[in-house]
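**Q** Sequence:
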Amino acid sequence: LEEMEKKVELLQTDKLLLARAVKAQHERIQSLQAALSEKTTELERVQGEKRVLQQDVQKIKDAAAALLLGSSSLRAGSSCRDNNSPFDRP
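Read left to right, the sequence shown gives residues 2 to 91 (our numbering).
These are calculated hints, taken from the structure and not from any lab test. Each hint should be verified, as a subset may be incorrect.
Pairs of lysine-lysine, DSBU-like flavour, derived with a Cα cap of 35 Å [stated by the list, open to error]: (1) K24 to K40; (2) K51 to K62; (3) K24 to K7; (4) K40 to K60.
When you get a sec, could you build the whole thing from the sequences and use the hints?
**A** See below:
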């Protein structure tokens with residue numbers, strides 16, 4: 002009988018230790034889930050900023066291409082002009 006009581010006591014101690022471990026793991030999981038949620042929100046914000054910046058870069062590239070096209074058109078047009086034009090400089 003005494004041996005059974007000791008076994009029961011050990012089992013109750015094990016149960017208590019396991020319950021504490023489960024609680025600690027549960028709290029850790031909740032903490033990790035909260036951190037993941039924050040990081041997900043931050044990632045979405047950064048991806049939004051990246052899209053805006055990529056659009057800005059594309060606008061700059063388009064503007065630069067238009068400027069290059071315009072300046073090459075002007076150069077091509079100036080070679081067709083009369084050589085006495087004040088815009089043509091050697």
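**Q** So, for every hint listed, does it hold in this structure?
**A** Now the hints, each set against the structure:
no.	hint	verdict
1	K24 to K40	24 Å, holds
2	K51 to K62	16 Å, holds
3	K24 to K7	26 Å, holds
4	K40 to K60	30 Å, holds
Hint compliance for this structure: every hint is met.
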